[in-house]
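> Sequence:
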Amino acid sequence: GVPYRDGGESRWGVDCSGFVQLTFREQFAMQLPRDTGSQAQLGRSISTRQLRPGDLVFFNIGKRTRHVGVMVEKNKFLHASTSKGVMISDLNQPYWQRYYWQARRLAQ
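Following my numbering, the numbering of the sequence shown begins with 245 at its first residue and continues without gaps.
One should not assume that every hint holds.
Unchecked claim - Once the Cα atoms are required to be at most 30 Å apart in a straight line, the calculated DSSO-like pairs of lysine-lysine come out as:
# : residue 1 : residue 2
1 : Lys307    : Lys318
2 : Lys307    : Lys320
3 : Lys328    : Lys318
4 : Lys328    : Lys307
Read the hints as simulated data drawn from the structure, not as lab findings.
Could you put together the complete structure from these sequences and hints?
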(Lines of atoms letter the chains of each structure in order from A and count residues from 1; the text may use other names and numbers.)
(Lines give C-alpha, C1' and ligand atoms only; values in the text may rest on other atoms or scores of the structure.)
Protein backbone atom coordinates (compact mmCIF):
# COMPACT_ATOMS: atom_id res chain seq x y z
CA GLY A 1 0.00 0.00 0.00
CA VAL A 2 3.01 2.34 0.06
CA PRO A 3 3.09 4.47 -3.11
CA TYR A 4 6.14 5.19 -5.23
CA ARG A 5 7.71 8.61 -4.74
CA ASP A 6 11.03 9.56 -6.36
CA GLY A 7 13.47 10.34 -3.55
CA GLY A 8 10.98 9.11 -0.94
CA GLU A 9 12.16 7.42 2.24
CA SER A 10 9.02 6.81 4.30
CA ARG A 11 5.78 4.84 4.42
CA TRP A 12 4.10 7.80 2.68
CA GLY A 13 6.18 7.17 -0.44
CA VAL A 14 9.45 5.51 -1.38
CA ASP A 15 11.59 4.85 -4.38
CA CYS A 16 13.36 1.52 -4.82
CA SER A 17 16.65 2.32 -3.07
CA GLY A 18 14.83 4.21 -0.31
CA PHE A 19 12.60 1.18 0.22
CA VAL A 20 15.62 -1.13 0.53
CA GLN A 21 17.38 1.29 2.88
CA LEU A 22 14.25 1.65 5.06
CA THR A 23 13.59 -2.12 5.11
CA PHE A 24 17.11 -3.04 6.19
CA ARG A 25 17.18 -0.30 8.82
CA GLU A 26 13.85 -1.31 10.35
CA GLN A 27 14.04 -5.09 9.95
CA PHE A 28 17.75 -5.81 10.42
CA ALA A 29 19.15 -2.67 12.12
CA MET A 30 21.53 -2.28 9.16
CA GLN A 31 22.47 1.08 7.67
CA LEU A 32 22.70 0.93 3.88
CA PRO A 33 23.64 3.68 1.43
CA ARG A 34 20.76 5.65 -0.07
CA ASP A 35 21.41 5.10 -3.79
CA THR A 36 21.14 1.95 -5.88
CA GLY A 37 24.67 2.23 -7.30
CA SER A 38 26.21 2.21 -3.82
CA GLN A 39 23.91 -0.59 -2.65
CA ALA A 40 25.06 -2.66 -5.65
CA GLN A 41 28.61 -2.65 -4.26
CA LEU A 42 27.71 -4.07 -0.85
CA GLY A 43 28.21 -7.65 0.30
CA ARG A 44 29.22 -10.28 -2.19
CA SER A 45 27.99 -11.19 -5.64
CA ILE A 46 25.89 -14.36 -5.88
CA SER A 47 24.27 -16.28 -8.74
CA THR A 48 20.52 -16.49 -9.22
CA ARG A 49 20.71 -20.16 -8.17
CA GLN A 50 21.97 -19.03 -4.75
CA LEU A 51 19.21 -16.48 -4.08
CA ARG A 52 17.45 -16.60 -0.72
CA PRO A 53 15.25 -14.22 1.29
CA GLY A 54 17.04 -10.98 2.16
CA ASP A 55 19.33 -10.96 -0.87
CA LEU A 56 19.30 -7.87 -3.08
CA VAL A 57 18.52 -8.12 -6.80
CA PHE A 58 19.50 -5.37 -9.22
CA PHE A 59 18.31 -4.40 -12.67
CA ASN A 60 19.65 -2.07 -15.38
CA ILE A 61 16.48 -0.68 -16.94
CA GLY A 62 18.14 1.90 -19.18
CA LYS A 63 21.36 3.81 -19.65
CA ARG A 64 20.94 5.74 -16.40
CA THR A 65 18.18 3.82 -14.60
CA ARG A 66 18.89 1.11 -12.05
CA HIS A 67 16.40 -0.72 -9.87
CA VAL A 68 16.75 -2.78 -6.69
CA GLY A 69 14.54 -5.19 -4.78
CA VAL A 70 14.74 -7.65 -1.87
CA MET A 71 14.15 -11.38 -2.32
CA VAL A 72 11.32 -12.68 -0.13
CA GLU A 73 10.89 -16.27 -1.36
CA LYS A 74 11.78 -18.45 -4.33
CA ASN A 75 11.77 -16.24 -7.44
CA LYS A 76 9.76 -13.49 -5.69
CA PHE A 77 11.13 -10.09 -4.74
CA LEU A 78 9.72 -7.05 -2.98
CA HIS A 79 10.36 -3.64 -4.53
CA ALA A 80 8.96 -0.16 -5.08
CA SER A 81 7.42 -0.09 -8.55
CA THR A 82 7.03 3.31 -10.21
CA SER A 83 3.51 2.39 -11.34
CA LYS A 84 2.15 0.31 -8.43
CA GLY A 85 4.22 1.28 -5.39
CA VAL A 86 5.59 -1.40 -3.07
CA MET A 87 4.75 -4.83 -4.48
CA ILE A 88 5.98 -8.38 -5.00
CA SER A 89 7.12 -9.42 -8.48
CA ASP A 90 8.37 -12.65 -10.02
CA LEU A 91 12.02 -12.70 -11.07
CA ASN A 92 11.08 -15.11 -13.89
CA GLN A 93 8.79 -12.60 -15.62
CA PRO A 94 10.25 -11.72 -19.04
CA TYR A 95 10.51 -8.01 -18.13
CA TRP A 96 12.68 -8.67 -15.07
CA GLN A 97 14.74 -11.34 -16.85
CA ARG A 98 15.47 -8.88 -19.65
CA TYR A 99 16.85 -6.22 -17.31
CA TYR A 100 18.42 -8.42 -14.60
CA TRP A 101 21.92 -7.21 -13.69
CA GLN A 102 23.17 -8.88 -10.52
CA ALA A 103 22.38 -10.18 -7.04
CA ARG A 104 24.21 -9.42 -3.78
CA ARG A 105 24.19 -11.03 -0.36
CA LEU A 106 24.78 -8.80 2.65
CA ALA A 107 26.30 -10.08 5.88
CA GLN A 108 23.60 -10.03 8.55
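> All the hints need checking, so say for each whether the structure fits it.
Checked hints:
1. For the hint pairing Lys307 with Lys318, the CA-to-CA distance comes to about 29 Å; that is within 30 Å, so the pair holds.
2. For the hint pairing Lys307 with Lys320, the CA-to-CA distance comes to about 25 Å; that is within 30 Å, so the pair holds.
3. Distance restraint check for Lys328 and Lys318: the Cα-Cα separation of roughly 21 Å lies within the 30 Å cut-off, and the hinted pair is therefore satisfied.
4. Between Lys328 and Lys307 the alpha-carbon distance is near 23 Å, which keeps this suggested pair within the 30 Å criterion.
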